[in-house]
Amino acid sequence: MSLYPVFARPRSLDQAGEVLGSLSSGAMIIAGGQEVMPSVNYGMLMPEVYVDIGQVKELRGITEADGAIHIGALTVHRDVQDSDVTRSQVPLLAYAAAQVGGGWQVHNRGTIGGNIVSMHPLYDIVPSLLALDAEVDVLKDGTVDRVSLSDLMKDASHGLGSEALLVRVVIKPMPSGAGWAYEKLKITAGGYGSANAAAIVAMDGDKIASLRLVVGAVSELPQDLSQVLSNCFGQVWSDSLASALEAKVCDAISNPLSDHQGDGNWRKAMAGVVARRAVAAAIAKAR
Amino acid sequence: MEDMLEDTVLVNLRINGKPHELEIPPHTSLLDLLRDDLNLTGTHMGCMTGHCGACTVSIDGRVAKSCITLAATLGRAKITTIEGLTKEDGTLSAVQHAFWDEAGFQCAFCAPGMLLCTSELLEGNPDPTDEDIEKALAGNLCRCTGYQSIRRAVKAAIASNKQAAE
Amino acid sequence: MGEAVYTNDFNFPGQLHAHVLRSPHAAAKIKSVDVSGAEKVSGVVRVMEGAEAAELLNPIPHYIDPAVFGGRSAKIRCLAKDHVWCFGQPVAVVVAEDKRTARYAASRIVVDYEVTTPVIDPEEAVKDGAPKVVPDWDANMIMQVPFANGDADAAFEAADRVIKTDVKVHRFSTQPIETRTYNAVYDAGTESVTLYGTVQNPHPLRNVLSKILRMPENKIRIHAPVIGGAFGMKMHGHPEEGLMCLLSKVTKRPVKWVEDREECLLIGAREQVHSVELAVKDDGTILGLRDHYIANTGAPSACPGWGMAFLTGLTMPGPYAVTDLDVMLSAVVTNKPSWNASRGYGKEVTALALELSIEHAARELGIDPVDIRMKNFIAKDQFPYDSPTGLIYDSGDYAGVLEKALEAVGYEDWKAQQAQARKEGRYIGIGIGYELTPEGGTLPGTMVAGYDSSSVRVGPDGSVRVLTGVTTPGSGNPTGIAQIVADELGVPLDSIEVVQGDTTTCPYGFGNSSGRSTIVGGGSAAKAAQEVRAKIIKVAAALLQAKDEDVTMVNGVISSKGGASIDLEEVCYACYTRAYDVASVIEPPLEATATFKPGLVRHTPNEKGQINPYPSYSNAAYVAISEVDVDTGQVKLLKFSAAHDCGKVINPILVEGQACGAIMFGIGGAMSENIEFDANGRQLTKNFMDYVMPRIGDMPHVALAHHDSPNPVTYMGLKGAGEAGVGGSAAAVVNSVNNALSSFGVMMTELPLTAPRVWAAIQEAKKSAGSQREGA
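These protein sequence lines are chains A, B and C, in that order.
Take the first sequence: its position 3, counted from the start at 1, is 636 in our numbering, and no numbers get skipped.
Take the second sequence: its position 93, counted from the start at 1, is 98 in our numbering, and no numbers get skipped.
Take the third sequence: its position 325, counted from the start at 1, is 346 in our numbering, and no numbers get skipped.
Don't read these hints as lab results, they were simulated from the structure.
It cannot be assumed that every hint is accurate.
What the hints assert, rightly or not - Listed next, with one range per pair, are the computed distances between beta-carbon atoms:
#1 Asp42/B to Lys61/C: 23 to 33 Å
#2 Lys167/B to Lys436/C: 34 to 44 Å
#3 Asp119/C to Gln688/A: 43 to 53 Å
#4 Asp774/A to Asp103/C: 35 to 45 Å
What the hints assert, rightly or not - A few chain A residues facing chain C, derived, Cβ under 7 Å:
#5 Gly676
#6 Ser795
#7 Ala797
#8 Ile820
#9 Gly824
#10 His893
#11 Gly895
#12 Asp896
#13 Gly897
#14 Trp899
Even glycine gets a Cβ: it sits at the ideal position worked out from N, Cα and C.
Bound conformation, chain A alone (with noise of 0.2 Å):
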């Protein structure tokens, strides 16, 4: 807590890793400012240094390389949404980002790696992530090494901590002729997301190759369920299978969230019919 914080401008990864490596707990790093600032505002959040690490070149931009898509943790949402690059390789991924809450204005200054390091569990663009297999290079103790997301969100403590940086989102292009659909159930236009669901399914003629889900916004961190939907492999698409991933679904969320949005026997409801609907709108996305 300090009435009176200093601040750091690093202008390279380098810098950037030297700064938070020898900066105390009361660090803090900020780049748009849409999840810290509500925070210090109300005094909640006071802290000693701000490490703005917005002139950090390395973060920024959309990118190919070695076959996958590069995104800079500065990535605003709104250029997630409106890169050619997003949007024909990762759509899923696109689409998502626009349906991000807050307007046009959390759109132009929210960023991707904000939105994943605050561990929110009801944001939206990690389900998609985790559906898209997505990986994350973190700098911590001047080395970036690259882990998988999922590995990332194990549990809602972990997070990453003033000491280390998310640099970029590292994911592969979706398979061509996959389908795939972001369900997101809001009540209101300016409430959060109640349950959402990312699916992305490939097909084997009118049966279900293989299916990725991730269920978010209804526990503590979103949820892959893919493993437990295995059944559906080889199967077609039909009212009575339809049913059984809901039901399926409903009984994999344990502990359901129970806040301002709703409580947690509707939650777990939810998480049932957006994952039914994410499922049937992939299936009918899918070539």
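Got chain A; can you put chains B and C on it based on the hints?
Chains B and C in isolation, oriented as in the chain A frame:
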């Protein structure tokens, strides 16, 4: 690394076309900078959590909520506030005109967000659909109008832009 | 666009900023307050806690003192002393060079609380042995008031059926986007204080401040600039008003306080529990109404919010010709934060209680929801109508208004679409809500006044200044008033400036409340304008050598029957400069002050002890078309219509704005806006993600129709347009959802209808239908 830590931060902002070199404390929000230091009080405080949109400004051509933007992170940004929508000779922009003519506002406290988002929408899309309008204005709360007059004003602005283009 | 300057836009040399420390507990004794930690923070100028404030300030006089009406009245302090009675109650205040320092320093104040058991639920609060919210009261009750008439027992005896409906209305409030802001500037030279503030009622606040501050009214000036929305919340009685004046006085510097959103959300309203019983005949005729209801008004406050609970009963049974009535209010205090006035002022809850019950009755009796209303409306030839609670309804045509609303929405067409959708497995509902919203209210012995005054001044250049005692909450009433004066004087609209909200320049007035501003502000300005016009015409006639009655003034041009004409400016200049010559026929200056006091109000109680506090009875019908997603409980509004009788419409665009804004309050209240607490009475709702208000994508188009029956006792037949819309539209939404889900047997009467609740009701209905099948 101590030499990288600054007590105050120098930013070079071009605000409504005018350059400002400012030495500011690290914790200052863009909203406070505009209102308290530069007396640009057209930008309003409504919630300080980024939900109401009354503090909206445009940063490098894109709308943003100034209450949740840390001024020190802006470096050399170009900023337009609601005051900057009015042309230097005092004439109103087409969007402002439309809101005035259609009684788009009542108390007008939400005007910064509504006007700047509408302006950005129409710059990028001369013929937006109802859904486009809803998306562009989704970050703004109005408590007076029920949004009916706001929709009407946006549509009037679209029409007047089209007329001007012809 | 003229640049609007709001209270927070004012800063003065030496400006200081205040932050209020609030209680984190719903109920506690204050054992000690240690402010030394705050005083040590660099930049802090003054810290004050409750004991010191109690010595320097008198308690806050009530806007509407319950004692005037025979109720219990509590002493309201600006800062809590000895104990706190709600979460968020001000306990101490810090004044510092900047707001951030003030906030930080406040966190350094150490308050030793002894937490006691709070009472949160109003039904618990009235039980024997419940903890006392106000230590020296013998019950947690402001007052119990019967609204009885005729013979309700006999009506229930004679009924074919009794339909019972429990209607629960939750806590939701107005939440203007501009929060409350006060900036007090003390002038040691004249020993006077000026309060720049978000104030709806400047003159009455001046009176209140004089009592709190122990200063004469002529040493206090209130300046209320443009307001960024108010809707009742900026009516006075708030602790920070007097507190900032005191702090400016002790620091001898300007002191500003800007409420943050979390603080603004502490202000509650509307929370009531009704058990409505309708005595009905099988044909739908309502014979009698019984409703013993409880209002949870939270902790005592000097603000006028609690009075809403009273109005709910007073305006029963709304537009319906029911005379046998057994209604009883219990206005209860609890350890929740207090209410303040909120648009609708209790009448919205009347509409909800009645309209949900009638819908329920229609379903039980198998009668069309339109028919049951038509059957029971007061007929248009029954006006003026003496209501069973003592009100005198001025005029109306309720059946005609409902017909217009049905036509505007396309009722028959939607019925067909509904049937078609049901075949496709979609659930569309049609809901009706009617409401009666008397406006321009006045209560004897309070600063809620029925009349108001305006001055019209025309300068030597012909420009017009209207100074009026009414104020605007941003609703556009200055435009309405300017238009009235322009028409009365015969001058262009843009030559008129309306000045409001300044106690040193405006005539003594009562600000804005109860949808009164255009009725009395416009009415008084019209009278004053007529007087000034007569003077101008007299002098013009002298200049034109014509008779007064042969001179006309239209849009600033004055002409005589003979065809000669003269500019307004020339005449006005002559009025001021030729007082011994052509202008000797008048007494300068070109100024007049007039008061408009509408009729119909009766403050002398009748033989039953009833008064009629309203001159004007606006009313409206609403129709909502919604679709329910039965998988999720999500409600989407497809279409909305409203037909409004607000008397004569001065400016249709302003009236539309008022109506659509109020409808949004109703929709938000019915569906998502909700202030919630934990079991210990700590408020959970802290920001606009918790308190979810409609955004542009949530609002359906509102098809608006007018059905005017002019008020015979107001200027030009105005009735007021500000209050209508909240309850009737909320009821229409709820009824539409129940209508959509009628095949499940769902009848939800507890608000808000959030998706989880709608979903749970469907599950419950399915389950009970299933168990019935099994049982059969």
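When the nearest CB of chain C is found for glycine 895/A, is that gap smaller than 7 Å?
holds (4 Å)
Hint glycine 897/A vs chain C: min CB-CB distance below 7 Å?
violated (10 Å)
Regarding aspartate 42/B and lysine 61/C, is the given constraint of 23 to 33 Å on their beta-carbon distance met?
holds (27 Å)
Status of the hint placing serine 795/A at chain C (closest C-beta pair under 7 Å):
Where the cut-off is 7 Å and the nearest Cβ of chain C is about 21 Å from serine 795/A, the hint is violated.
Hint check for aspartate 103/C and aspartate 774/A - Cβ pair distance inside 35 to 45 Å
Taking Cβ atoms as reference, aspartate 774/A and aspartate 103/C lie about 56 Å apart, which means the hint is violated.
Under the criterion of a CB-CB separation shorter than 7 Å, is histidine 893/A in contact with chain C as hinted?
Holds, because the Cβ-Cβ distance from histidine 893/A to chain C comes to roughly 5 Å (cut-off 7 Å).
For the restraint on alanine 797/A, tell me whether the closest CB of chain C is nearer than 7 Å.
Violated - the Cβ of alanine 797/A stays beyond 7 Å from chain C, reaching only about 28 Å at its closest.
Was the hint right that glycine 824/A lines chain C, CB cutoff 7 Å?
Interface hint status for glycine 824/A: holds (4 Å vs cutoff 7 Å).
34 to 44 Å as the expected CB spacing between lysine 436/C and lysine 167/B, which holds or is violated:
About 39 Å separates the Cβ atoms of lysine 167/B and lysine 436/C, which means 34 to 44 Å holds.
Using Cβ atoms only, decide whether tryptophan 899/A comes closer than 7 Å to chain C, and label the hint accordingly.
For tryptophan 899/A, the interface hint holds, since the closest Cβ of chain C sits about 4 Å away, which is under 7 Å.
Report holds or violated for the interface hint on glycine 676/A, using the least CB-CB distance to chain C and a cut-off of 7 Å.
Check passed: Cβ of glycine 676/A comes within 5 Å of chain C, closer than 7 Å.
Indicate whether the distance between the beta carbons of aspartate 119/C and glutamine 688/A respects the range 43 to 53 Å.
At 28 Å between Cβs, range violated.
In this structure, the hints that do not hold are numbers 3, 4, 6, 7, 13, in rising order.
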